[in-house]
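Sequential numbering of the sequence shown, starting at 1, is according to full-length UniProt numbering.
Since the hints were derived computationally from the structure, they do not count as laboratory data.
Treat each hint with caution, since some may be false.
Claimed, not checked - Computed list of lysine to any residue pairs in SDA-like fashion (alpha-carbon distance at most 20 Å, straight line):
#1 K402 with P416
#2 K326 with G315
#3 K374 with I300
#4 K505 with D483
#5 K498 with S508
#6 K393 with I406
#7 K465 with Q424
#8 K69 with V285
#9 K393 with H236
#10 K498 with L463
#11 K410 with L381
#12 K374 with S347
#13 K69 with R287
#14 K48 with W277
#15 K48 with E269
#16 K108 with C120
#17 K374 with I348
#18 K421 with G448
#19 K393 with S351
#20 K327 with A313
#21 K42 with W277
#22 K411 with D422
#23 K354 with Q424
As the list claims (entries may be wrong) - Beta-carbon label-pair distances, calculated as ranges:
#24 N21 with L488: 36 to 44 Å
#25 N514 with Y159: 41 to 49 Å
#26 G333 with N458: 55 to 63 Å
#27 Y159 with Q325: 18 to 26 Å
#28 I308 with Q4: 18 to 26 Å
#29 Q4 with Y159: 21 to 29 Å
#30 N21 with A65: 21 to 29 Å
#31 Q325 with L114: 45 to 53 Å
#32 Y18 with Y159: 46 to 54 Å
Every residue gets a Cβ at the ideal spot worked out from N, C-alpha and C, and that includes glycine.
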Amino acid sequence: MANQNIYEQAFINQKSVYKTNRSGGNPILKLALNLREKQIAKYRRLIKNDEAFAVASTLILGYRADLSKEILTAYSKTGTIHALSVSGAHVGIIYLVLNFLLVFLNRKRSLQLLKFVIICTLVWGYALITGLSPSVVRAAIMITIFMVATTFSKNKNGYNILAFSAFCQLLYNPFLIWNVGFQLSYIAVFGLIYLQPIIYKSIYIKNKWLDKLWNFIALSLAAQIVTFPLSIYYFHQFPVYFLLGNLFIMIPLVFMMYLGIAVLIPIFEFLSPIFEWIISCTNDVLRWISNLPASTFSSIWLTMPQFILLSLALGFIIFALERRQKKMLFIAGGLFMIYQILVVQESINLSQQKKIIFYSLRKNYAVAFISGNKAIIETNLNPKENAYLFFIKPSLEQAQIKEIKILNLKKDTISPVFTKKDNQILFYNHSFLIVDETFNYKTLNAIGKFSSLWITGNTKFDLTKINTELKYNEIVVDATNKDYKIKLFKTFAENNHKNLHVLKKNPSYLIDLNP
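Given only the sequences and the hints, what does the whole structure look like? Please build it.
Right under this line is the structure:
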């Protein structure tokens, strides 16, 4: 959040929000969002299939709220997720069509100026109906600067246009440099400018139509190659059939773009059944591709040093192939070897890890007891719940956990390194006393020593009643406790000089047991 210039957060309940009936905010953004809502309502009226409606709204208008997880997975596994992100490709398609239709205006200088005004107006008009989403605004700025260069200057340099458009956006908001979409957009366009011609020229094809196909393959390869390290770093997966998926979607995407915009115009509403049919067929084919064997390499986690080494190695390989220099290829090989050494070293370290993670959740508890590549999860969450899938599962994948056992505090368990009996847990040499609704200190030995006190279940137990001879080093309070109870625990910890870790509205708590 700090990378977005956000350093503080506050939580309020719904009853604390009052409607003022006063207009505020950015009037242009308000106009754009209202305009988009009207177009979404039109799609909802024209498209009967819910899945097709969700894809149409996402594809044309950038409205993702109704998109199902199944469709997102299908597009993600086939490397075509960019088709669902209203971005440079979509704006580029609109620009190419307008540029083709208005080619007759290239005859005179004055007519070229008119062409510039018409295309810029329509491109920014499209940006407006998408709600001025950041990716579309980025693409619109790029195309506007490109058109300024082509209209008013004879000397055009793609790198200068790309750099200047990035500079303009960073001048407005420097924190965009940390935005994933911003990074991927500019790196992908750089790849198209620099790498696509190199790939395309590497193979000569005489046949006109096969040559056009090869040109598109070169485009797809260039974008995928340059964004590969960054995509792995952020999304932790690689779509094996990205080339097949992109080769398939290129024609349907163009038709969907044209028809999607056309049906928003009243006289072309009759085309909506065709639009809906193309979307449904496209979804079915992408679903089939995503279900092919080994469609995705997933759970790939890169550290920052690994990401840098992989990026440098890839860069030197590209330079070596372009300039035909063996020296650069040897450097790339050396960097890749160092990268592999880091990967192996991390795998060895993770195979020997011993740690406990208390997850920060909204109203549930979840604690991971990790030993090597195995984990025991004490939680009241279902593995299919979003809280588990979004917070717990990714951290276990990052830790390279291969074997997971999910338990809850009501069940006793005995294993070589983990024992849970009644209100006590022993994991290696770290012991917990669980203070919940079933806790009764009288059943414990009068004298005992624990590493941590784990308070859960909004217990009614008064901590002051615990025998003073019962020793513990810290108190961990999870999110199942009410706010007023947490205040009492804070007061108790301060009065008794105990370390307190409150998980609610705070970061997760890690206990590393490795020496």
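Tell me the numbers of any earlier hints that the structure contravenes, in ascending order.
none
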